[in-house]
Every structure is written in structure tokens, then in C-alpha cells.
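Protein chains: 2
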Amino acid sequence: MTPNQEPLHIITDKKNLRLLFKGEEIFAHSPEQPFVYAGRGTGNYRMFRGNFHISERLKELVGLQDWDLLESEPNRLVIRFSQGCSIYHGRKSHYNLILQAAVVSDRLELSCTTETETGQAPQYKPNRWRFHFSAQTNEQVYGCGEQFSYLNLRGRAFPLWTSEQGVGRNKKSYVTWLADVAEGAGGDYYWTFFPQTSFVSSRHLWCYADCPAYSVFDFSAPDHHELYFWDLPSRFVFGLKPSMVETIQDQSAYFGRQGMLPDWVMEGVILGVQGGTETCEHKLAVARKAHVPVVGIWAQDWEGIRITSFGQRLRWNWVWDQERYPGLDRAIKTWNRDGVRFLGYINPYVLQDHSLFQEAEPQGYLAKNGEGRTYLVDFGEFYAGIVDLTNPEAFRWFKGVIKHNLLDFGLSGWMVDFGEYLPTDTVLYSGRSAELAHNEWPALWARCNYEAVQEWYQDHPEKQGQIVYFMRAGGPGSQKWCPLMWAGDQNVDWSEDDGLPSIIPAALSLAMSGHGLHHSDIGGYTTLFGMKRTKELFMRWAELASLTPVMRGHEGNRPRDNWQFDSDQETLAHLARMGHLHRALLPYLRTLVVENAERGIPVMRPLFLHYEEDSEAWHIKDQYLLGPDLLVAPVLEPARNERKLHLPPGIWCHLWSGETFHSPGPAGMSCTVRAYLGEPPVFYRAGTAWEALFREALTTCEALYPSRPVSKTDAITVQDISK
Amino acid sequence: MTPNQEPLHIITDKKNLRLLFKGEEIFAHSPEQPFVYAGRGTGNYRMFRGNFHISERLKELVGLQDWDLLESEPNRLVIRFSQGCSIYHGRKSHYNLILQAAVVSDRLELSCTTETETGQAPQYKPNRWRFHFSAQTNEQVYGCGEQFSYLNLRGRAFPLWTSEQGVGRNKKSYVTWLADVAEGAGGDYYWTFFPQTSFVSSRHLWCYADCPAYSVFDFSAPDHHELYFWDLPSRFVFGLKPSMVETIQDQSAYFGRQGMLPDWVMEGVILGVQGGTETCEHKLAVARKAHVPVVGIWAQDWEGIRITSFGQRLRWNWVWDQERYPGLDRAIKTWNRDGVRFLGYINPYVLQDHSLFQEAEPQGYLAKNGEGRTYLVDFGEFYAGIVDLTNPEAFRWFKGVIKHNLLDFGLSGWMVDFGEYLPTDTVLYSGRSAELAHNEWPALWARCNYEAVQEWYQDHPEKQGQIVYFMRAGGPGSQKWCPLMWAGDQNVDWSEDDGLPSIIPAALSLAMSGHGLHHSDIGGYTTLFGMKRTKELFMRWAELASLTPVMRGHEGNRPRDNWQFDSDQETLAHLARMGHLHRALLPYLRTLVVENAERGIPVMRPLFLHYEEDSEAWHIKDQYLLGPDLLVAPVLEPARNERKLHLPPGIWCHLWSGETFHSPGPAGMSCTVRAYLGEPPVFYRAGTAWEALFREALTTCEALYPSRPVSKTDAITVQDISK
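As you go down the protein sequences, you meet chains A and B in turn. The first sequence: position 318 = 318 (full-length UniProt numbering), numbered continuously. The second sequence: position 44 = 44 (full-length UniProt numbering), numbered continuously.
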């Protein structure tokens, strides 16, 4: 951009139009290669237990070839795009787009509306829109919410629809095939709980399309990005900054930032246990005896359970189960005094024939089906009603449930499960089409929790900032209403698309989507089709978790098939070692969490965020930066005692050996380091102000429990051992 | 149709247009629901060893709303369809269709052209066309070439592209998954060697679109059929007759009819054997000793073999292998004198570094790649050149190979393999785009064989009508150039989509596509992923084959994994029984073959062809009529000693028991009959002139070998037994 140019700038001739923002081409339009296409189609959503199979009968899709500049002022333009024709049966072109381009808060906003002709046949109302934004051949693209299979999105199309993430998520995996055959649950590379119509590009550009409808972001064309929507986006927002860091800061400011995490969350390990007060007490004692720095007990079954063929499920009636958890109210107080928080679970459904359902249904708080009756959703051998969050009374009522049943009861946090199932044929109080509300639901559900907590803080100022909840489902808005994401339901395996390795692209793509706080179930969750969590997998996952903001366990859906933290003394000791690493990093992590809250720089960062000149860095999805000063390359494969990794330019010090690597600029270098159990490859940047802290962390760990090579028996599961 | 109406008739008002043929609506056009859509897109063809994965980037697809009647005469109309707009940048609508509708030979022909504007941008040349032809809600649809999974096509979309048929062909089958993972070879319900852009409907209508490009016939909409093409069809042809029989006769007359089969083919069994002259001699002796009425030896390896990881493959150099088949020339003469023909194998490729390749390449007879070099196709551990059948010299040369190396040598027939692999990036002598030539290739390859045989007959009039060849690949034109189809490479299993049961829809859908002579490899072919042919499968397959025009065996790609006709004495005796059933039916079968050749009524017929009033008949794909007088309901599942089936209205006599069933009209009835091994459920129509023949067949069979119940050991494979 030359200094005397306005940020918004167009270049036109008789037929063609190019729109530039700060000198970067946003789109180029010509009659032959139109910027926008309008059309009509019919969508078909097949849903079974959160697994969506979406297809389309496209009727037509027409390039809007013609354009007129309706208004033109500095930093504000109004352009009409229309079909390349003028008069038909006395009417104007029946597809058109009025695009208002304006610079607002140093961002480019493209607002979209259409002109409707009087008497226009309803058949002509377009419900399909495709926009071609400019792309460069070597441009790299990130974001689209939480993406588990790919970090760099270039070269592929990403349908954006919140749903189950799939089991296996790769048609070449046997587990995926089994899950597909069983109930169409295998998924694919783009299935996600947290889709988002936004991306960040290596051009230092971020783009957000405000459209909750089903959409597909296709980054596979060489010269443009095709963004396809089943409804007209109300607007596009673009930010353009001098660096990647500033770009994502600007995006984060737009979406809204996460708050701080309470210190206690980062001070150690949250045990994921269940089974009753005594069991919690017992497991806590076992963990503490092994020096695990326990900061919380997360018991998802605090409200009781039901057994189904899938495994142990929960009783979705958000009331303390006094039979399963006798004396929990008193136990929580005791634990709290002892520095251990208690965390529970909630989701936005209420179980049929239970007290909350019976309270909500007569008030009209539950969403309806097309016949005007309460919509009962099949969750696999039980049914539940959907709390209609578009009904202000229902929303208020459910906030009350959270405040009274969870917070007043003494929970310090909870898993905020689900949000991604809203059936497209639900009839909502607000009149909002469920096809649009579907993708909005996770953020609305986050907001319900957010407001409940904020309102409760007002009555309990002494607890300000001490509550934490975490979600898997998300979308635009989740950034400000959800303080912490978790990666959902990984398989208890090493698979690239759905096992331990998928955690890193998930965290980093969310980081590129404005959400900077991420963690996962240590050891994974989904235990089906013969999968069983091994000791080695548990230990490697704990290593990774220790280098994320939060360490929290989960027994999985079939706990007895899985290796658990207390399955043997060595695992306990390993968890203690990793927990103390995490705890020792608290001052550093706290700084990063502050940076995320105040400046919108995520805690876990892709390498290219700080090393743009390193061309390799743009393609790495199995390493990350934990803040600016730690480089993490976790072991993601079984039976490895070393790991090959990439070091961006600079001088890097291997935490465990103290060995120093001089990585030349600008391309960086690859190296291989020893990676015994207990030694996740971590490097600190030479010259960091945190060097003393990092060295102290090392000393603490080594004092607790030594690292050792992987042995064959580490891959043996509980059940195998029990034979 | 009222008598004073012309066959071609339009009903119009200012905006709408309906075209009727003999009173049946062919299409209804309105600006809101246009008849035709034009657009542009880019196809992506990924091919690996005949497995095509085709996808599309659709740029736009525009309904042509406007229409003008340019010419109107009795039985001839010219209509221009164009975009709903008049002038853009000084040009007319850039998408248009000139449709000439005319009645020719009692058929409706819709010829398609476009008006090209002078100076029209090449970007506007449409390469996507979608036509919406009228459909009735309860209309049933058949044809589209050879369809293995579905006979009734209504409710689904069928991409039409000749390719491998797939291994498993059902994403829920484990074998399909394994084949997909191995090399994307699993296939899907619509994969076929013989696709055809035609269908027959229960409205007594047949429709053919003359378009070799990739296309999709979608019969899933309630009120129209969507026919989608990657090129403009030159024309559509419609026939409409008072009955289904007359409808398919008319279609057959249009495509051209098959000739007669030689009598010898129907007189007994063609053994599928390999391994050399002595092996053939030995197996012939074994079969004859067991009273198998052998009429031919089909040895696909007459030209030699190569071993690959897939199994035993053939040496694609079409010259007698004197090492593997010493004295074959003399042996053929001896066998012939003894009433046994010898059949071989050919395909349209020539093996790299072998004599025919070396002869063809310097002459320019082999197709080229984009760099002007000989296109070498990867067939799995070997490469071969493509004989360029669009080069008249190459075509002539290859006919010479057939005449000299096959016919003069003494072959009485051969398998004409392949035809479906032509890569879309092949550069052909004729300049024809390989994207269009691809679907044309099978018929061209059939024609090469047809002409070779006809020319050879001129020099050998005494052999007139004695040669037979059979193909798996096909398309429009195959009807007149290929005398006999075989079903390709079924799995050696019972699977609905790719095993024994798939033979019937394959035969019947071809019957609805103008090809009335079909048979299959007895026992199936594909022996991979742990599949092994069982004794029971072989026996049931032989039963089905005995009630088709031709009985021919195949050892499969891994012969030693499969049960063979000579694996035990009982199997030999069973084959003898079924062979004699087939042989005994010769006079009846000959009449059917004549009916097919002269009147275009297929030998194997869907039930609805003769029982239109029976609503059930339109949905049956596991039974067929063998001519008008035999109803066949083969056993298609393992471990069954009876079979449930549907009897259309009439009096039916069960062949084996003599029991008579009175099936009431119009709906027919279901019944269950005993179906021991050796007793495929067959019924003859009471009152048939062939009753004595059918009874004699029964007596012959019973004299040879008794039927018996299925036992558990029948399901055990060769390898299991050998343990």
C-alpha cells in the first residue's frame, strides 16, 4: 500500500473489478470469473446420535457477472452484483447481491444483502451462495475452528457443521469402518465439534463469514478460496496486519477473548474419577501417596449413571445423586480445605421422566418437534428433552439450575458437554430455523454457563475467578463465553486422525480461530471395537497434557478396558513426575494465560506464529510452541525411545539433557533426541528469562521418578494383563 | 392419445411448455422449473488399474428459463431454450439450447445443438448439461447397462462410466473396505463394466441419450428424472409402445440385435481350465468320465502366463505359447473331432517388450501419452501399450491378429477381456478426446472382434456362425458387435452386491438395455482377502448357470484357493447333472436365442416383462423368467434347503416335484419350495408347449445323480480340507 492510498481501494475497468484492502487483493471479479454465485438447492440432513450425513440436491448456481458501483466514498463502497442480463418477463435479474464494503475499526467489512423485486416468485429466492476470494498459490490457511486431522487447510475442502467428531475419522482405518457400519459414526477428516467460518492465512489476513448455515470452505483451488454457504452471510470481516501474531490478536479481539484460568487449575492434576464419594476419596489418597499434585477431582457421574450397551452413561438430571455420592456435600468442603476442588458435569438436555424434565416441560422450556410436542432426542437407549435456549425463560431457568444445583452445591467446575446435536427439524421458541440455530447452539450453550457463573460471582465475590468449565462444542462466540476447550472424545489409540496425535492440530487450529486455551482427556476416551488404552499411551498422553494449560484425566466410556492412572505404581509415579513438571511451569503458564486473556495470543502456538521465515514451520502439526520460549515435540507413536523433530532458527536447549542445538536461519533444522518415558521432547529458547524456572522444573521431575525406555509390556492393556 | 392427434404434441402458454409424445409427457418446462440447465465444470478422474474415482468442481449450472418456438410443423418442432435474460454486454444469453423434436421411425428424437455467438468468450462454452424429464411418482426404471446391485433403479442416482466393477461394491462389507484400503478398488453400487445412457420405464417408454461423456442418471426425484452430462448429448431418442415387451423390442431394434449363438455352446459345459495341453486333456477326461457333457475347453492362458502378487496373470502377447501348450495345434483338431471346442483369450493391450508390442509401436499403432510417447498402462507389476482402435491401420492390424493368431490357429471362441480402462489422458490417433472415447472404447473393441470374425467367415464359409466370443465391458453399440456378455469378476462369495446374487440383476438390467445374452463364471472369479470358493457356492452357481444361455467355468485368480469342478467326485456328478439339464433345454433355449436375435426379446427376463399387472414383479431381482415358460428362482444363500419365492399369476408346475401352484391374479403369490443341491427352484408354465421337453430334462437329471440336502461340509473350502 502506498501511503497516500485509502485502506479500501478498487481497481476497475468496464467489465472487471478488483477490491483491495491495505493493498492486498480481497477479490477479483470479471464476467468470466465472477466473485459471487447465487443459486438454489435442497439440503438433506441425516442425523443419528450426533452423526450427521449431509447431502444436497443443487438446483442451480449462477455466476453474477454484472456489477454496478452504486455508491463510492473513501472507505465505503456499495456494489451491486447481478446476473449478466437486464430484463426478463418484465423483471430485473432475479439473483443479485448488494455488497457494502466499509472499513470499520481498521477492518474490512463486506455486508451482504439482496434486492428483492416486488412480486418475485418465491422459487427465485436464492439459498445458495458461493464467494471466490483471492488466493495466492503459496498461501497457507489455518483455522476453521477445531480441526483434528489437518492444521494447514490448503488443498482441501472443509464442510463446517457442528457434530460428533467421528470414531476413527479416516476411511482407511478399520475402527472407522466398524463405526460406520455400526451407526454411521466413523466420521471423516473434517468432522468437528467446533467448526467456525473463519480462517487465517499466511498473507497476514484473517477472514470471518457471519453465517450459521451449513457451509463449505474449500481451499483446494490454486488461485481462489471458494466459500460456499447454504444461506447468505450477513457479512464478511477481514483483518490484515503486519505479522501473524498481530493478525491473530486482531481476530481474537474481534471474537472476544477468554478470561483467566484460576491458578489452581494449573497447579497440578485434575483426576478424572467416578464411582461415588468413597471411590473418589480412595483414589485421591492413592494419588497423593504417590506424590501426584492433585488439584481437583472431576467426577462426571455426580448426578448418577445409567448403563447402556455403549458403556456407562450418565443420568441427565442435574441433581446430586445422594445414593451414589453419599455425603458429597460434606466431602467437597473437606477436600476444598485440603486444596482439592470438586468438578462435575452438565449438558443441555434433561432426561425424560426425571425431575428437571418434569419441571421444564409444563413451562414450555423444552424445544418442540414439528407436531408441537416435546422433541425427544434418542441418545442411545434413552431419551431426553432439549432445553430451548432461545426461550428467555428457559434460558433463565437453566442458568438457575447451574447456579443452584452446581455452584451452590459446591462445584468448582464442570464439563459442559454436548451442544452439537440440535436436530434440524427442531421447532424453537424464537422461531429461528433449527438449520441456522444448529451451528449457533454451542455458543448459546456456552453463554448460558457464562452468564450463570457471572451472576453467581455477583453474589459470591470471594469466589471471583475461581470457577472453570470446559466444552468440546463451539463456534463463533465460544471464544468469549467458554473459558476452556477440551478436545472431545479421542480414541484410546495412537491414530493420526482420532488418537493422541490429533490433539495438537486440534489445539493449534483452535488457536488460529481465536480460542487459546485447550486440553484433552489424558489417555483418550472412546473405548469401542476392541480398542483398549495401554499403559504406554496413558503415559505419553500425560506427557503431552503436562505441556498444555490443563492436566485432566478421564477413565473413558469403558473404564475397565483401559489403563488408568492408578493401574500400577509406575504409572502413578509417572503421573506425579508429569504433574510436577506442569506445576513447576505455573509461573510461565500463568504469564501465557494472561497473554491470551489480554492480548489474544494463544497458549499453544503453531511454529509459524513466531517463525514465519521458516518455510517448514507452516506445515508442522506434530509440534508446537508453548508460549514463546518452549518448543514441544511430544512422542505420538508407540515403542519409540527417540523422536525426530524440527527446530526453527535459533539456539534451543533440550530440557532433559541440557544439550544445546544451533538451528540455522531461515530454514531451521531437524534433529533427533532421546525420548524415554518421562522425557517428552521439550526445548527452551536460549536466552529466555525463564531458564531458571525450566531448570528447576527438571530438577523437581528427576527427583521424583526417573525416566526409562519404553518396554514391550507397556503396550499391554489391563485386560491382557488380567488374563 | 386421441386418434386425431399427431404423435408429437406441445401444450404452451406464455411461459410454460409441455412436450408430449403419443400422449405421454416427455418434459414440462416453466421458468421456475426449467427443462434444461447448462453450465461449466471441471472433472477430476483418478484412475488406478481400472478403478476410477471421479469428482467435479462445478463452476455454475444455470436454468434456461426462456424459450422460443422457432419452427413448428406436424411432427417437427424447433425450440430454443435460453437464459431468462436478453442482452448482456451487447451479446445474447451465452447459454442456449436448440432442441429439434421430430418423429422418426415411430420414435421421438430430440436433437441438441447450441447457437454460438461470434466472439463468444471460450469460458462460456458450456460443458455441463442437466435435463429434467418428466417422471411419475410410481414409475419404475430399469437399464443403465449392466447394474449388479439394483435392478429397479428408481430412488437412486447412477453415474455412468465404464470401469472395473469393484471388489465387494458395498461400503458396509469388510471385503470392500479391504479392497478400498489396498488400492481404492472396493467400488460402489453403480460401478460397472457396461454402463449405458439409457433406461426403460414402466410407462412403456425407453429413453437413450447419445452422449459418451461421464454422466449421471438420477432417478431419485419424485416428479422428474435428472440426467446430467459432462457434454451436450447429440440427441435423445424415446420409444413408446403399448407393452413392456414391445418397448424393449423397439429399443433393441434401435441399438441393433445380437446374432445367434452356435448350437454347440448350448449343448453342454465349457470347462474353464488352464495349465497346458496335458492338463486340459486330463481335465477333459475326468469330466467326461463323470458324464459332464463337455462342449468346450476355455483356456485363458493359451498365450502363457505371468505370476504377480494378485495371482496368476496372463502374458498379453496374443501368440500361442508353445512351451506351456505343446502340441496345442494338433490337440485342438483332435478335440474338435470329438465335439469339443477350444476357446482362448485376448484383450486390447499388448505387453511391453513382446513381439506384438514391438511390431505395433514403430507403426504408430499404440496410443500416446501427453508427451507424445507410447502410453504404458500399469496393470499391476507389468505394463502394456493400448492398441489405438481409432487408428484405422491399427484397427485393421489388430483384426489381423485375431484372424491369424486366434481363428486360423483353431480357436472357436475367446474371452474378449477389458475395454474399460482407457485413461482419460490418452492421446488418440483420431484426435478424439479420451474423456469421450473412454465410454466408447468397449463397443469399439467389440467391433474389432466382430469385424475380424465376419471377415474370417468370408474366407471360411463352412464355419459361419460357429464362433463365439464374450465380453464384460460394454456400452451403446455392444448389442450388435458383441454376441455374448459375461458378468465379469464376481467375488467367490454369496454377497448381494458382488457375489452369486449379483448375477441376476446384471443379466436383467442388460436385458433392459438391449442385450439379451448373458452368462457368468461358474463359482465367481475374485479370490482375494481371504475369500475362498466353497463347494456349496460352486454347486449353487452351476445350478444358476445351467438356466442361462451358457455354462462356463473359471478357476478364479487364485485357483488353489478355490473349490473346482473336479475337486471331488460329487462336484463332478453335480456338474454333470446341471450340464445335462442345460443340454436337455437346448431346443427351448435355441428358440429363445432366435427370439432374441430376431425380435429383441432377451433370453433371461425380469418377471414384469410378462406380468405387468403383478405389482410385486417390478421389484424382484432374485428371480427371472427364462423365456416365457420357465420361472427360475435360484438359491442365492448358503445353507438353504428350501427357497421362498414369488409366483406371478397363473398355474406353475415345480419341475422337480411336479407339484402345481395356482397363483391368483393380479398380485401373484409367494411360496416356499424344497431346494436341495441339484434342485434349483424352476417352474414351468402350465399349458406350455414345452412340457414334454421339461419333463424329459428332469428324467435325464435324476438318472445321473440324485439331489441331496446341503451339509455343513459343503461350506468348507479346499484349503480348509487340505489342513
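Check the hints yourself; a few may be wrong.
Remember, identical chains collapse to one label, so a pair may be satisfied in a single copy or spanning two.
Pairs of lysine-lysine, PhoX-like flavour, derived with a Cα cap of 25 Å [what the hints assert, rightly or not]: (1) 532 - 172; (2) 59 - 125; (3) 14 - 333; (4) 14 - 59; (5) 621 - 644; (6) 241 - 712; (7) 621 - 15; (8) 125 - 403; (9) 59 - 15.
Think of the hints as simulated: they come from the structure by calculation, not from any bench.
How the hints compare with the structure:
For a Cα distance limit of 25 Å, the shortest separation of residue 532 from residue 172 qualifies both inside one copy, at 20 Å, and across copies, at 24 Å. In this homomeric assembly, residue 59 and residue 125 come within 25 Å of each other (Cα to Cα) both inside a single copy, at 12 Å, and across copies, at 20 Å. Taking the shortest Cα distances, residue 14 and residue 333 never come within 25 Å of each other, neither inside one copy (75 Å) nor across copies (81 Å). Taking the closest pair of Cα atoms, residue 14 and residue 59 come within 25 Å of each other only across two copies (23 Å); inside a single copy the shortest separation is 31 Å, beyond that limit.
In the homo-oligomer, the alpha carbons of residue 621 and residue 644 lie at most 25 Å apart inside one protomer (13 Å), although the nearest pairing across protomers, at 57 Å, exceeds that limit. In this homomeric assembly, residue 241 and residue 712 never come within 25 Å of each other (Cα to Cα): the closest approach is 51 Å inside a single copy and 74 Å across copies. In this homomeric assembly, residue 621 and residue 15 never come within 25 Å of each other (Cα to Cα): the closest approach is 43 Å inside a single copy and 58 Å across copies. For the homomeric pair residue 125 and residue 403, neither the shortest alpha-carbon distance inside one copy (45 Å) nor that between copies (64 Å) is at most 25 Å.
Taking the closest pair of Cα atoms, residue 59 and residue 15 come within 25 Å of each other only across two copies (19 Å); inside a single copy the shortest separation is 28 Å, beyond that limit.
In this structure, the hints that do not hold are numbers 3, 6, 7 and 8, in rising order.
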